[in-house]
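Given chain A, work out where chain B should sit, using these hints.
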Amino acid sequence: MSETDQDTTEFIQLLTEHQRLLFHYIHSLIPARNDADEVLQETNLVLWREYHQFESGSNFRAWACTVALNQVRAFTSKKRAKRPCFDTETMMLISERQEHRSAYFDSRLDALENCIQKLPPRKRTFVDQRYRLGCSVESIANQMGSSVEAVYKMLRRIRTTLHDCVDQTLSQEGLG
Amino acid sequence: MTAWIKPYRRKDLASMNIEQRERYVFLRDAVLDRTATQDEIDELQTLLASSNEFLDDYIEHAHQESSLAWDAHPTTSQPSIPVSSAPDHPNWLWRYMPLIAASLIFIAAVGWEWTTLQPQPVATILSSTNCQWGNGTLPTSVGQELTSGRLRLISGIAEIQFPKVTVSMEGPVDIELISSQRCRLHSGSIVGSVAKGGEGFVVETPRAEIIDRGTKFGVFVDSAGDARLDLMEGKMDVKHLTNGRQMTLDGSGRAYASEHELETISRPTNRTVTDQRRTDRSNGEFIHISSAYGNGDEGDVTSGPRLEGNDFPRPDDALLVKHSAESPEWNRKAFIRFDLSGVTQSDIGEAELRLEGIATGMGYLSLVPDSQFKVFGIRPEHNIPWDSQDLHREHFPGRRENTYQLDDKKIELLGEFTVPQSKPVGQFVLQDERLKDFIQQAIGSTATVVITRVTPNAPSQSYVHGFATRTHPTANPPMLRLHVTPTTAD
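Protein chains in written order, with my numbering: chain A, 1 to 176; chain B, 1 to 490.
Hint data in this document are derived by calculation from the structure and do not stem from the laboratory. By construction, the Cβ of each residue, glycine as well, lies at the ideal position given by its N, Cα and C atoms. Mixed in with the good hints there might be a few duds.
Ranges between beta-carbon positions, derived for each pair [as the list claims (entries may be wrong)]: (1) E326/B / S146/A: 50 to 58 Å; (2) P139/B / S139/A: 53 to 61 Å; (3) Q38/B / H52/A: 34 to 42 Å; (4) T124/B / H52/A: 23 to 31 Å; (5) R481/B / D87/A: 56 to 64 Å; (6) S77/A / I157/B: 52 to 60 Å; (7) D106/A / D437/B: 40 to 48 Å; (8) K409/B / R20/A: 51 to 59 Å.
Looking at chain A on its own, in the form it has when it is part of the complex (with noise of 0.2 Å):
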């Protein structure tokens, strides 16, 4: 194996293994989901153009989140003018908050993960709509017969149930 096909393959294998965080902390300062897509794009073909700087060994999350984090600034600067979204300073207080407290966070989303599975099916089909298949919340109601203060009166339940579930989880883990 060349060292360029090594270098490819540790790179791939970092990258993969970091999608999903990196996912999270880009849509923690950016809510919109499709804005966050878009940074992540960004921020991987950065990661990749720059990877000859990170030294092998050593921390691959701090490195990718600190791109991630100017590409976040770079978006929300050209856009900006168009969208409501946090400022810098905020971005940062986040964005170190996670740092500071990346286990915990870590945990929580670990916890999540199974809260989700146990979402009953009428909310599961909510959860599908919105965040599956990327349904508005008008369309939603459309589809379930109600209003559309109901949807997202109904999104927020969720979110308040599945909070608590992690709550609960980590509690029984002793953590919480």
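Structure of chain B alone, referenced to chain A:
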């Protein structure tokens, strides 16, 4: 692992202005629902900057949203650089740097094809000394790249190099290489050294799985499949495959995974699994004495005058232990008495004190580092009568007159153990010659031990550790495990 403790957090949030709290929730949901105006986002930013509780809550909810979205994310089914979806999501880099993109596609495609279609080398044989290899599925010459498969080393010493992990093995060893990040030790012993970036390397054994967090570690699997895990430096997580129990070893800990149990042994000793088996088979027997036996008892003492009220409900069935120089009034120590009157005159070959940590929900775990606990024995002459009902800050064995503290002259140190910040629950075992000697002296009477924490710099709201009492519905009570041999008359 860092974490907060819910009751405090709830209280903090609850103590905030209710209107402010409601407003925060409204703004948070509006942002996550993407219905927020810039003014509302600005208002939320002010709140996030004002409170870490709000900040944490926002991040937790944002992660939730992204987790739900991630389920349907295209990259989850494309484990390489997700360039193939780029046309659906136009971006400036893609449009303006086609050369980079084209190269990327090519290299990623070649890399991906290579990684999926070809048998991947997962490790290399670095060295072998006096090796006699058994029937395996892999080549055994030095420098040979190894794909997934099985290696059986009958005798000699060999080193295998994974990308970020070096594994040394001394025959007889039966090991299976699964991937560059994972191996399965069927039997024998290996020592692993994990280089930076190699964190997450997994060693499977028949009873438990070890996930390395950047360490040097040893694993020994005996013929029955039981495993002993020795951490030499760094940190590693251990998970029992049958009962699901997990623990984190930190520094220089040891764990033992048998068919049904996963136990830590905090103080490293020279005893090996084989040695233990030998001990089991020798004369004498192991006896277990819990605090529930005979005249045994337990309780804890708070140094200050206040006790928990409705605001801070005390967890049931827990012995509470805390130390913080910042708020000495909330320092706590636990007393346990074991009744040894039923033990006939014996030589104690081995003594262990076993405590099971339970969640207390009191204080912040993130504010207390890995904690050292000291176990003292009350000298027999100062072992005053006490019971859990009358234990009080002005009445406890070993008390220094006119203080709420222990008197050095009335106690003796029996040993120490560590409770990792990440895992305050689970079994903690103290095995120490000093404990053994102390128990030996107390045969025929009772022995009182005190559990204290040594974390003077922990802030006042740091976590309160808890250990199960004899009345706990599921956890094990405080227990002495003694190997006793009847004393023979000369």
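Hints violated by the structure (numbers, ascending): none
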